[in-house]
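Chains as they are written, first to last, in my numbering: chain A, 1 to 303; chain B, 1 to 303; chain C, 1 to 303.
Please note that the accuracy of each hint is not assured.
One copy or any two copies: either way a pair holds, since identical chains are not told apart in the list.
[To be verified] With a straight-line cut-off of 25 Å between C-alpha atoms, the simulated DSS-like cross-links for lysine-lysine are:
1) K127 - K284
2) K191 - K266
3) K90 - K284
4) K191 - K135
5) K266 - K127
6) K243 - K191
7) K284 - K261
8) K261 - K135
9) K284 - K299
Please keep in mind that the hints were generated in silico from the structure rather than gathered at the bench.
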Amino acid sequence: MALRAAFRNTCTLSGLLCQLSSSRSHGRVCASAVLATQQRSNSTSSKISVDFDQSTGVAVMHMKSPPVNSLSLDFLTEFCINLEKLEMDKSCRGLIITSSLPKVFSAGLDIMEMYGKTPESCGEFWKAVQEMWLKLYSSNMVTIAAINGSSPAGGCLMALTCDYRVMVDNPRYSIGLNETQLGIVAPFWFKDTMANTVGHRNTEMALALGLLYNPTEALKIGLVDQLVPEDKLMATAEQTMAKWLAIPAHARQITKSMMRKPTIDKLTSKREADVQNFVSFITKDAIQNSLRTYLEMLKKRKA
Amino acid sequence: MALRAAFRNTCTLSGLLCQLSSSRSHGRVCASAVLATQQRSNSTSSKISVDFDQSTGVAVMHMKSPPVNSLSLDFLTEFCINLEKLEMDKSCRGLIITSSLPKVFSAGLDIMEMYGKTPESCGEFWKAVQEMWLKLYSSNMVTIAAINGSSPAGGCLMALTCDYRVMVDNPRYSIGLNETQLGIVAPFWFKDTMANTVGHRNTEMALALGLLYNPTEALKIGLVDQLVPEDKLMATAEQTMAKWLAIPAHARQITKSMMRKPTIDKLTSKREADVQNFVSFITKDAIQNSLRTYLEMLKKRKA
Amino acid sequence: MALRAAFRNTCTLSGLLCQLSSSRSHGRVCASAVLATQQRSNSTSSKISVDFDQSTGVAVMHMKSPPVNSLSLDFLTEFCINLEKLEMDKSCRGLIITSSLPKVFSAGLDIMEMYGKTPESCGEFWKAVQEMWLKLYSSNMVTIAAINGSSPAGGCLMALTCDYRVMVDNPRYSIGLNETQLGIVAPFWFKDTMANTVGHRNTEMALALGLLYNPTEALKIGLVDQLVPEDKLMATAEQTMAKWLAIPAHARQITKSMMRKPTIDKLTSKREADVQNFVSFITKDAIQNSLRTYLEMLKKRKA
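The whole structure should be built from the sequences, with the hints applied where relevant.
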């Protein structure tokens, strides 16, 4: 429990280790508050803040759960509540997802939700991961990931689930589904989402080796759509959004559904089995031992 | 009805607007007539002429329905009759499809078949579109699109349905499934045909945004196979045809069927539902209003 | 029968004709024998030798059936027995497949197993081809093809069935599924394996035309993963192997199964029908005549 307390919010599936200072993220939140006018509404919860501009119909979701935007149960719950609110607001047509933390977009699933937990807790967590994916992959809004830092494992999944990915061209950032490197396995719908984006063979190699790609490599295989300097990220995301929003919404939404429905239906029809599969895998002694070893390594590195 | 009369044959789904002079297309038709010898047979209907060279076993189908080779019910019916004739003629082994009109291959489905029509007429029209695709995608002949002009929407589908695509390298020509730009939706079998050619992700982006590609971009994603200068188009198509015809026909045909049958079976098994789906979509007030707005815009531009 | 005796082991589906000297392959076998220490075990059968290094957990399978490593029934049987042995040996974690013959990796299926044979023999042969593919495509070991020569038809299939392909960068070597060139057809699971590697459209073109790619072209479409000079081949294969073996085995194996199971299940569920289909095709008079013509051409060229 001491271990869990110490690493709460910092132990993700991705192995990402960041030396973080919270100053920068605070600076950004302030900036967005200053920009808020009567045309903008700011909804802020503890881990995510949403800045919605009614004049453009575009919301920006800032992930701000230090140190690395781990996808914990709490985070995922907030994420889905915010997403659902925007989805039901007819005036909101586009969503840009980005990070308020330095160097990291999201480091992926929170290991602490899987280590030393009851099967019930693990199952509840996994349903929340499924829910995030189902809601985002089938969103009627135009969704753009503005990737301003590393984005391994679940962070990569979140980006892949959007309609478009712009990434900051910083060779120190990386993105990929690197689960096998930690001895665990990306489930079939992570795999399907990646294969829909970069094809079967790239996915086979990427998952087998748990590859993390730098921005140039990610662009080359189509894992992201565009690279920009850090200071051009949000402007580029907004320009791209305007282009997508210029398309008649109804036609675009039907087209999106046509492209993604088979992949979504596959998880929907196997959702409970997928939860059982995850729970029985993650609660295995061997896997729990791997996770402990990994957590101890993280602890040592941090010390 | 006045509107319909005025725009008959000029209002296509693609939004293509061409300033057309018919002189050039007439010039071409004459040229092909001059070339006809006892070895060649010329079958000419009002919208399509077929030039079959028995010495090579290759037919060239010239689309010549001014101003932009709109795929009207009449056009599609003639197309299918010609295709079926060639298919049944054992001496005909290859088919090159090209346009006799300047600047345009085919501008796609004729909007006038969908605007202000009865559900029955719309359904009849849609069956003809299906029939064109089914016959061409499953043809035992080697089929090559010699794309000598813009080829949006249904024109792009026709090209994608061939075995090989050579396009004139003129940056003013474009090709793509741009239906969403007009507020309508490419059906699943348009999508499948494109995905079989350029993969899932390129198709997702292309359909969502209704992208039209210039020849260089089209080559880059594999939407066309080869670019050539305008004066080398037919020679290149013929050389490519010779290469394909050198392969034992039976083995090539079984292989083609193996690659395409799942996609064809999908439409065949859902054909009636696909017609109903189209009819109920296109006869919606909102869609009819979109089409009217679009037609009025075309009328103004032309005036 | 005279014909069959003369061409035994030299008549493959690929049309590969090599002027072969056996000296080089003998040189290699000696070299590997010299390297053998107490840490290595050498299992040698007539057509395949296996060199297993217990210190690394990596086995190297040398195909050495002159002149061109034709996949005869005997060859395939030995191949599967060796593969099964390694698969059951828990200390063996990786397998590199290469050729001990000069200029050729494997020239593919042995035509003599299909020409003038009873339906029963043809069926038995085809089951062995299926078995090779099923075992290799689903192997729990990391499998790397070290392609040191041409690899048409069944030779290409064998390479595609591995996890990774390194090819010698010699423009005289070629690789591809060129079955249609000989008037026969790659079955659906050859097609599926290729499409999983290079996508639908590349596969459609490659199979329709029976394309053989030189190493540069093969790399470009992803048919192979890496090119190296001949003298760097085995070192590169071993370095790549080390990288793959660094991934936790259980996670990698589950991931591999997830990627490949649908393709494997498809053949498993249609295995008997696929045998019947092959037998009824290959025993057709027209196909037997094609094979005879082809064999006679080989005979003349050799004379």
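Hints and how they fare:
1. K127 - K284: Cα proximity of K127 and K284: one copy only (19 Å, versus 38 Å across).
2. K191 - K266: both (12 Å within a copy, 19 Å between copies)
3. K90 - K284: The answer is between: 21 Å across copies meets 25 Å, while 45 Å in one copy does not.
4. K191 - K135: both (17 Å within a copy, 23 Å between copies)
5. K266 - K127: Cα proximity of K266 and K127: one copy only (15 Å, versus 30 Å across).
6. K243 - K191: between (29 Å within a copy, 21 Å between copies)
7. K284 - K261: Intra 33 Å, inter 23 Å, cutoff 25 Å: inter-copy only.
8. K261 - K135: within (12 Å within a copy, 28 Å between copies)
9. K284 - K299: within (22 Å within a copy, 62 Å between copies)
Of the numbered hints given earlier, the model fails none.
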